[in-house]
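Peer 1: Chains A and B, in that order, give the protein sequences. One rule links them: number in my numbering = place in the first sequence (from 1) + 83. One rule links them: number in my numbering = place in the second sequence (from 1) + 148.
Simulated from the structure, these hints should not be mistaken for laboratory data. Even for Gly, the Cβ is constructed at its ideal location relative to N, Cα and C.
Each pair of labels, with its calculated beta carbon distance range: (1) B:178 - A:88: 27 to 35 Å; (2) B:157 - A:93: 20 to 28 Å; (3) A:149 - B:189: 22 to 30 Å; (4) A:86 - B:178: 22 to 30 Å; (5) B:170 - A:163: 35 to 43 Å; (6) B:175 - A:123: 20 to 28 Å; (7) A:95 - B:258: 21 to 29 Å; (8) B:207 - A:152: 21 to 29 Å; (9) B:205 - A:197: 42 to 50 Å; (10) B:228 - A:98: 44 to 52 Å; (11) A:98 - B:209: 37 to 45 Å.
Straight line, CA to CA, 25 Å or less: simulated BS3-like cross-link-like pairs of lysine-lysine: (12) A:184 - B:151; (13) B:201 - A:184; (14) B:205 - A:184; (15) B:151 - A:132.
Which chain B residues stay away from chain A? Per the calculated CB distances, all over 12 Å, these: (16) 159; (17) 161; (18) 166; (19) 172; (20) 174; (21) 175; (22) 213; (23) 217; (24) 218; (25) 221; (26) 225; (27) 226; (28) 231; (29) 260; (30) 261.
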Amino acid sequence: AQSVSQHNHHVILSEAASLELGCNYSYGGTVNLFWYVQYPGQHLQLLLKYFSGDPLVKGIKGFEAEFIKSKFSFNLRKPSVQWSDTAEYFCAVLFTGGGNKLTFGTGTQLKVEL
Amino acid sequence: DVKVTQSSRYLVKRTGEKVFLECVQDMDHENMFWYRQDPGLGLRLIYFSYDVKMKEKGDIPEGYSVSREKKERFSLILESASTNQTSMYLCASSSPDMNVNIQYFGAGTRLSVL
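Bound-form chain A, shown alone (with noise of 0.2 Å):
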């Protein structure tokens, strides 16, 4: 079966900090990937997505992420953090013929800390 896998599961970083979250899943063809950020009390809302063209895609809120097909790698980045990005963030995969279903990974609790 197909996976995603986040290998940061807690980061605490001070503000103005670089951020770099990775991202890889385990599937050799066509994907559509997606950054998803759960802030504390807040419901689930999409950060960026990839579907296909630049591979290097930008989101809300200053974040990007790059597409790197040979790695199978979606890392999500942020050039200088700050305190309101403390949240939870999923990286997701829509693998073709796999209907409309999303594959999360396990999550990234990310604390920035003034």
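Mind docking chain B on chain A? Use the hints.
Peer 2: What follows is chain B alone, placed relative to chain A:
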């Protein structure tokens, strides 16, 4: 804006009770999904539906059933609640168009089974 509404934010039930979790979306989406979210496990798909009266098992359907009598409503049923079903339950909906395949989530129902 897409709105996915889950009927309850918090529920407390007793072991053996029959539990209904309701979800309504207002975007005329064909696809609807039920997930459970547990710390360290991410989101796991319980059931999904591509159309009215249609349902498919997800990754962890045991102990659950669903009902989709109307396009906008997707219900999750716990026939006989057990303590291991204590969790956060998330409903989502999406369009079947692969070019805009984004899932929109409700705020979640936190269920405690005592």
